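Positions 1249 to 1406 (the working numbering) are the ones given, in order, by the sequence shown.
A few of these clues could be false.
[Unchecked claim] Pairwise CB distance ranges (calculated):
no., residue 1, residue 2, range
1, 1303, 1271, 18 to 24 Å
2, 1398, 1255, 29 to 35 Å
3, 1258, 1337, 20 to 26 Å
4, 1364, 1273, 34 to 40 Å
5, 1386, 1323, 28 to 34 Å
6, 1374, 1328, 39 to 45 Å
7, 1262, 1321, 31 to 37 Å
8, 1327, 1279, 25 to 31 Å
9, 1324, 1249, 18 to 24 Å
10, 1394, 1276, 17 to 23 Å
11, 1273, 1310, 33 to 39 Å
12, 1398, 1367, 23 to 29 Å
Don't read these hints as lab results, they were simulated from the structure. Quick caveat: nothing in here was measured; it's all calculated off a predicted structure. Idealized CB from N, CA, C, for every residue including glycine.
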Amino acid sequence: MSCAGGVLYVADTHNHRIALFDTDPFLTWRGSFGRRGDAPGEFINPNGIALYGDECFVSDRRNNRIQVLALDGTFLRLFASPARSRGGRGPRDLTIDANGRLFVVEADTVAILTCAGEVLQLLVLPGSERLTGITLSVSRAFVTECERAALHVLELCS
């Protein structure tokens, strides 16, 4: 989930949509966008969500892609999951750093991309099978792995 402008965006995985909530003064339902499917703007098991500027990035796991939408849900673009060629099972989570680098976790790989989907770097974590989450600090990426109940800490370069 991610929050901007008093609106909380939540990847509603099993309902195949992005749910929106107003956060001020109380958490209240605002609406949603997307539905189950494989067309642009549709999702099958969206997992991760990150906001950057006026764009919403969604890891559309079962469609093996990242979708980029406007904050109102209007489809903008999509690109294939970067680990797909390595036998990935769809992107599990994503986040964006202050420099606009998109970090995507899938299978045993952390992919670093531009917001346009250009691959900058692929980091394979040997022995990992199911990376599930990622968050960033100023100088580190913290990656969770559910199969081994592990937390990986990666040092970041600017």
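Hints, verified against the model:
Remark: the range hint 18 to 24 Å for residue 1303 to residue 1271 is upheld by a beta-carbon distance near 20 Å. At about 33 Å, the CB distance of residue 1398 to residue 1255 agrees with the hint of 29 to 35 Å. At about 22 Å, the CB distance of residue 1258 to residue 1337 agrees with the hint of 20 to 26 Å. Taken as a hint, the range 34 to 40 Å holds for the pair residue 1364 and residue 1273, whose Cβ atoms sit roughly 37 Å apart.
The hint said 28 to 34 Å for the Cβ distance between residue 1386 and residue 1323, and at roughly 33 Å that hint holds. Our hint of 39 to 45 Å for residue 1374 and residue 1328 is violated, since their Cβ atoms are close to 24 Å apart. Range check, residue 1262 to residue 1321: Cβ separation about 19 Å, and the 31 to 37 Å hint is violated. The beta-carbon spacing between residue 1327 and residue 1279, approximately 26 Å, falls within the hinted interval of 25 to 31 Å.
Look at residue 1324 against residue 1249: about 20 Å separates their beta carbons, and that is inside 18 to 24 Å. Checked against the hint of 17 to 23 Å, the pair residue 1394 and residue 1276 fails, with Cβ atoms roughly 32 Å apart. Between residue 1273 and residue 1310 the C-beta distance comes to about 36 Å, which sits within the given range of 33 to 39 Å. Between residue 1398 and residue 1367 the Cβ separation comes to about 24 Å, which falls inside the hinted range of 23 to 29 Å.
Of the numbered hints listed earlier, those contradicted by the structure are 6, 7 and 10.
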